[in-house]
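Trainee: Residue-level listing of the chains:
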Amino acid sequence: MRILLYIAIISLGALFGYKNLVSQKIFDKMNIIQYVCLLFLLFVMGVKIGINKDVLMSFHKLGFSAVVIAAFSVAFSVLAVKIISNFIKTESKVE
Amino acid sequence: MSIHILLSVFFGIVFGYFFAPEIIIQKIDVIIDFGLCLLLFFVGIDIGKNKNIIDDVKSYGLKIFLIPIMIVLGTLFGSMTASLFLKLSLFESAAVGAGLGWYSLSAIELSKHSAELGTIAFLANVSREVIALMIIPIIAKKIGHIETIAAAGATSMDTSLPVITKATSSSISVLSFFCGVILSFLVPILVPLMMSFN
Numbered sequence: 001m002r003i004l005l006y007i008a009i010i011s012l013g014a015l016f017g018y019k020n021l022v023s024q025k026i027f028d029k030m031n032i033i034q035y036v037c038l039l040f041l042l043f044v045m046g047v048k049i050g051i052n053k054d055v056l057m058s059f060h061k062l063g064f065s066a067v068v069i070a071a072f073s074v075a076f077s078v079l080a081v082k083i084i085s086n087f088i089k090t091e092s093k094v095e
Numbered sequence: 001m002s003i004h005i006l007l008s009v010f011f012g013i014v015f016g017y018f019f020a021p022e023i024i025i026q027k028i029d030v031i032i033d034f035g036l037c038l039l040l041f042f043v044g045i046d047i048g049k050n051k052n053i054i055d056d057v058k059s060y061g062l063k064i065f066l067i068p069i070m071i072v073l074g075t076l077f078g079s080m081t082a083s084l085f086l087k088l089s090l091f092e093s094a095a096v097g098a099g100l101g102w103y104s105l106s107a108i109e110l111s112k113h114s115a116e117l118g119t120i121a122f123l124a125n126v127s128r129e130v131i132a133l134m135i136i137p138i139i140a141k142k143i144g145h146i147e148t149i150a151a152a153g154a155t156s157m158d159t160s161l162p163v164i165t166k167a168t169s170s171s172i173s174v175l176s177f178f179c180g181v182i183l184s185f186l187v188p189i190l191v192p193l194m195m196s197f198n
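Heads up: the protein sequence lines correspond to chains A and B, in order.
Residue numbers for the first sequence follow this note's numbering, so the first one is 1 and each next one is one higher.
Residue numbers for the second sequence follow this note's numbering, so the first one is 1 and each next one is one higher.
Calculated from the structure, these hints are not laboratory results.
Values in this document were obtained by computation on a predicted structure and should not be read as measured data.
Be aware that a few hints might be false.
To be verified - One-sided excerpt, in silico: chain B residues whose CB lies under 7 Å from chain A:
| hint | residue |
| --- | --- |
| 1 | G16 |
| 2 | G35 |
| 3 | G44 |
| 4 | L73 |
| 5 | V126 |
| 6 | I131 |
| 7 | M134 |
| 8 | P137 |
| 9 | I138 |
| 10 | E147 |
| 11 | A151 |
What the hints assert, rightly or not - Far from chain A, by Cβ distances over 12 Å, these chain B residues were calculated:
| hint | residue |
| --- | --- |
| 12 | I31 |
| 13 | S93 |
| 14 | I146 |
Glycine included, every Cβ here is placed at the ideal spot set by N, Cα and C.
Between the sequences and the hints, there should be enough to build the whole structure, so can you do that?
Mentor: The following block contains the structure:
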């Protein structure tokens, strides 16, 4: 359901963008608004993590394992995509 | 950009831990949903303004499916490698990684096995999201645009999407959303699957 909502909202935005319903002037200002909104959203997401006191308290005990798994997951998935990214890009240019 | 992102999340955590008033706690999911929808609307405008986007994305063809496949393989391989340094078994570690950044779901799923594993899943996937948000702008500059999606994992369709769009281009944001949707479908399958091998 959530995915459908996201698709609907992005499509609505795309329609606004496509039909030029947003003038360049507002669009330029929007970049700043967008950035502020983004930082605010990240702050609120942080608050949501911070509220979870029991979990955060166990960070000193389990945090190391968690961060190691996260760092390896990120590093290896970036590497895995890096291996194929040239194939994806060059092939698509040839077509 | 990365430092702003890190500071925002950090101050949020501190604020949530020490001060968060009851009224914010009650409404927090509504605030997050609203903020996310607003940002996705902006991402949509970026996409709509780029008239070549459909051709751009079409040119990738079926190869587009390789991206989420490689993200899953990389994540599983990475988290299994991590287990060599930890007290977790190979597949416990893989199951934690298989959350792909979707911390609420992976934590709930793995707390069925043990509270400790559930907590690790929560912390590991929150960490993945925070690491991704911080390094996406750096990956975009130094490594490549498509690779930003890999760092984000399942969050490439929601919380990381505005950051990816800002650091790359609107055709990458379409790819990113697509990959995020596929990865989000895979999380509820992969996490229990990894535990079944344990």
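Trainee: Taking the hints in turn, state whether each one holds.
Mentor: Here is how each hint holds up against the structure:
{"no.": "1", "hint": "G16", "verdict": "holds, 2 Å"}
{"no.": "2", "hint": "G35", "verdict": "holds, 4 Å"}
{"no.": "3", "hint": "G44", "verdict": "holds, 2 Å"}
{"no.": "4", "hint": "L73", "verdict": "holds, 6 Å"}
{"no.": "5", "hint": "V126", "verdict": "holds, 6 Å"}
{"no.": "6", "hint": "I131", "verdict": "holds, 5 Å"}
{"no.": "7", "hint": "M134", "verdict": "violated, 10 Å"}
{"no.": "8", "hint": "P137", "verdict": "violated, 12 Å"}
{"no.": "9", "hint": "I138", "verdict": "violated, 11 Å"}
{"no.": "10", "hint": "E147", "verdict": "holds, 5 Å"}
{"no.": "11", "hint": "A151", "verdict": "holds, 5 Å"}
{"no.": "12", "hint": "I31", "verdict": "violated, 5 Å"}
{"no.": "13", "hint": "S93", "verdict": "violated, 6 Å"}
{"no.": "14", "hint": "I146", "verdict": "violated, 5 Å"}
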